[in-house]
Amino acid sequence: MGVNEPGSSTAVAITNIVKRYGIGDASVLALNDVSLEIQDNEFFTLLGPSGCGKTTLLRIIAGFEQVTAGVVHLYGEEIEQLPANKRPVNTVFQQYALFPHMSVLENIAFGLRMLGKGKAEIESRAKQMLDLVQLGGFADRRPAQLSGGQQQRVALARALAPAPKVLLLDEPLSALDLKLRQAMRVELKQIQEDTGITFVFVTHDQEEALTMSDRIAVMSSGELQQIGTAHEVYEEPRNKFVAGFIGETNLLDVTVEEVRADAAMCRVGDGAPIACSVAGNTTKGARGHISIRPERMSVSKPKRGDKLTGIVDRLVYLGTDTQCLLHLDNGTEITVRAQNAHESTLGVGPGDRAALNIDAGAARLLVD
Amino acid sequence: MAGALNPGGGGAASGVFGALRGWLLAPSLIVIGFFLLAPVCMMLIYSFLTKDFRGGVIWEFSLAAYDQFIFDRGLFGDEPPKIEWIYITIFWRSIWQAAIATILCLVIGFPTAYFIATRPAATRTVWLFLVTIPYWVNLLIRTVSMKFLIRDTGPLNEWLIQFGVIDTPIHVINTNIAVQLGLFYSYLPFMVLPIYASVERYNFALSEAARDLYASRWTTLREVLLPTVKPGIVAGCILVFVPSLGAFLAPDLLGGAKTFMIGSLIEEQFKGNAGNWPFGAAASMILLTVVLIVLMIYARQQSRAEERGH
Ligand SMILES: Nc1ncnc2c1ncn2[C@@H]1O[C@H](COP(=O)(O)OP(=O)(O)O)[C@@H](O)[C@H]1O
Ligand SMILES: [Mg+2]
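Protein chains in written order, with my numbering: chain A, 739 to 1106; chain B, 89 to 398.
Chain A with its partners taken away, still in its complex shape (with noise of 0.2 Å):
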């Protein structure tokens, strides 16, 4: 079903949105000069820590809230005049706000009878939706019959039986429980590249963002710190906000050594230079920090002329892996995380001294 290629039209086009709440000196500031483009046929995540202006600016496409200042385009046609119910754009609450009062099936008609399609249409659409949801058989029960997994489902078919050009998804999965929540992030996936409808989904937990997103736009206090491809946002922070919220990471205190087209040589106190990828621009004689993700970085047995030194604080046995807690002899604290492979590899135990390694390629420079 899906048609269209990603990328080949723009879907949302948000264009310096303000949003203030309240007036005066109570008032918040939610969204502070927001411009982002969302495609058409895209997965697109928001994804920052609770409070970050995330449920506004989904409220702000919706059509619940009023911009302070800025544009929103839907579709090459501006539409803050256009109350939510002209808009062709559903949403799937938080809290799910299932009608009580109607079944399962009349929750899923509803759109389309407000717009006025025929009896046998509506009734043809509202049953696929429920197959394509995997509830065939609920189509009479009430919404307090349901349990969480089956009422989000629900509010997933009643928002795309419209056929909505946009589906906005405001964390959806996040009163799911951890295996009801892993599968229904692959279906989720699934349901959008089949109906190529472009979906705004929006999240605090960046393990959902990193695996079900065509892109992501990291946000952070009302305002937008990156945007970009799971693969990009992890790999390529842009600062220490972005390298932190998403996936664990190392912070180290470096000076810049040498500027080199796209890469920098950093010197880690007296230690030899690491070349990083950077993330804006930067002098010789800098001062900054490197990140460094602890599956980057590998844990030894000291030998002479090792400078990344220092001592093993404690192991911790994750299962998969086996994180290892470095005091580095410069006072920093470094975690490492190294696979389990079939007999503990790490040779090092708590208390010992150990040399830090970090992976060619892995240290990327953040100047702010």
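Don't read these hints as lab results, they were simulated from the structure. Idealized CB from N, CA, C, for every residue including glycine. Keep in mind that the hints are not guaranteed to be accurate.
Unchecked claim - Simulated restraints on C-beta separations:
1. B:V195 to A:G789: 35 to 43 Å
2. B:R388 to A:G875: 27 to 35 Å
3. A:G875 to B:P319: 40 to 48 Å
4. A:E859 to B:R310: 18 to 26 Å
5. B:L309 to A:Q920: 34 to 42 Å
6. A:G854 to B:V382: 48 to 56 Å
7. A:E859 to B:P319: 28 to 36 Å
8. B:T211 to A:G854: 55 to 63 Å
9. A:G874 to B:E288: 34 to 42 Å
10. A:G875 to B:E288: 35 to 43 Å
11. B:E288 to A:L916: 56 to 64 Å
Chain B with the ligands: place on chain A using the hints.
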């Protein structure tokens, strides 16, 4: 010991628990029995007794009271029975008056309750307080002041004339409208408060969901908000309709001979020496029976609708 921790666990311990529970319930059961059931039973018994001419009753079984309500047997009670329309008419009028008062209360009370429930939490209490302030004054006083407000030379008519809206006073006093206004004014908070309670619990995300799914404001109100807060509306309607049906202050003070209601009829039977206690009791029982039947039909329909899943 395990039984004591688990009241449903059976055995001796549960028997002790059962007895204890019975004792704890006793005070409320006694209060309900004494103040609710006993008076109704007394009225039921009185309605089957013979009337005493100085008021009161003679303890002798008789169906005369019900007979008088339904049949007309002529002045001396010796003619063939015809249906007595006077009381049925009064009864029917009472139902109408109460129904119109209920609708008035709903039309005004619902937006009021909605308005209050959608204010910020801090100001809601103030609004609720304002709604209930007039009800700190005795109902009789309020009904009398209503009479002064709406009579031909009262402030309402004078203002309307002064501002040139009308030339001659609108005659409201002693009409059905006056009684309906009086009932409306008497029982409005009984409508506002239960509706407020249910709108306050209403999840406004449901309205947003409806709007999101292309419903207009009006459709959202009709298809989502109203059905969801229906229990509050039904409770409000019952709480206004039932006392309106038996009311006598508003019809006595604001109405005239043509607006006579069943409450006044009953009241008259127990006042002074001219009354007829068994007849008043019989009229009360008939009123009670009709109210109960209506409520039961409603409850039956509701539970059927629930079973149908609608
Ligand atoms: N209706 C509102 N009135 C006032 N402040 C609000 C309102 N809605 C959200 N906010 C504030 O705006 C900020 C962003 O909120 P929100 O968009 O809900 O964040 P998120 O969904 O990322 O958790 C928060 O500081 C929140 O307190
Ligand atoms: Mg939110």
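How the hints compare with the structure:
1. B:V195 to A:G789: 35 to 43 Å: holds, 42 Å
2. B:R388 to A:G875: 27 to 35 Å: holds, 30 Å
3. A:G875 to B:P319: 40 to 48 Å: violated, 29 Å
4. A:E859 to B:R310: 18 to 26 Å: holds, 23 Å
5. B:L309 to A:Q920: 34 to 42 Å: holds, 40 Å
6. A:G854 to B:V382: 48 to 56 Å: violated, 38 Å
7. A:E859 to B:P319: 28 to 36 Å: holds, 34 Å
8. B:T211 to A:G854: 55 to 63 Å: The hint (55 to 63 Å, Cβ to Cβ) is violated, given that B:T211 and A:G854 are roughly 40 Å apart.
9. A:G874 to B:E288: 34 to 42 Å: holds, 37 Å
10. A:G875 to B:E288: 35 to 43 Å: For B:E288 against A:G875, whose Cβ atoms are near 36 Å apart, the range 35 to 43 Å holds.
11. B:E288 to A:L916: 56 to 64 Å: violated, 35 Å
The structure shown violates the earlier hints numbered 3, 6, 8, 11.
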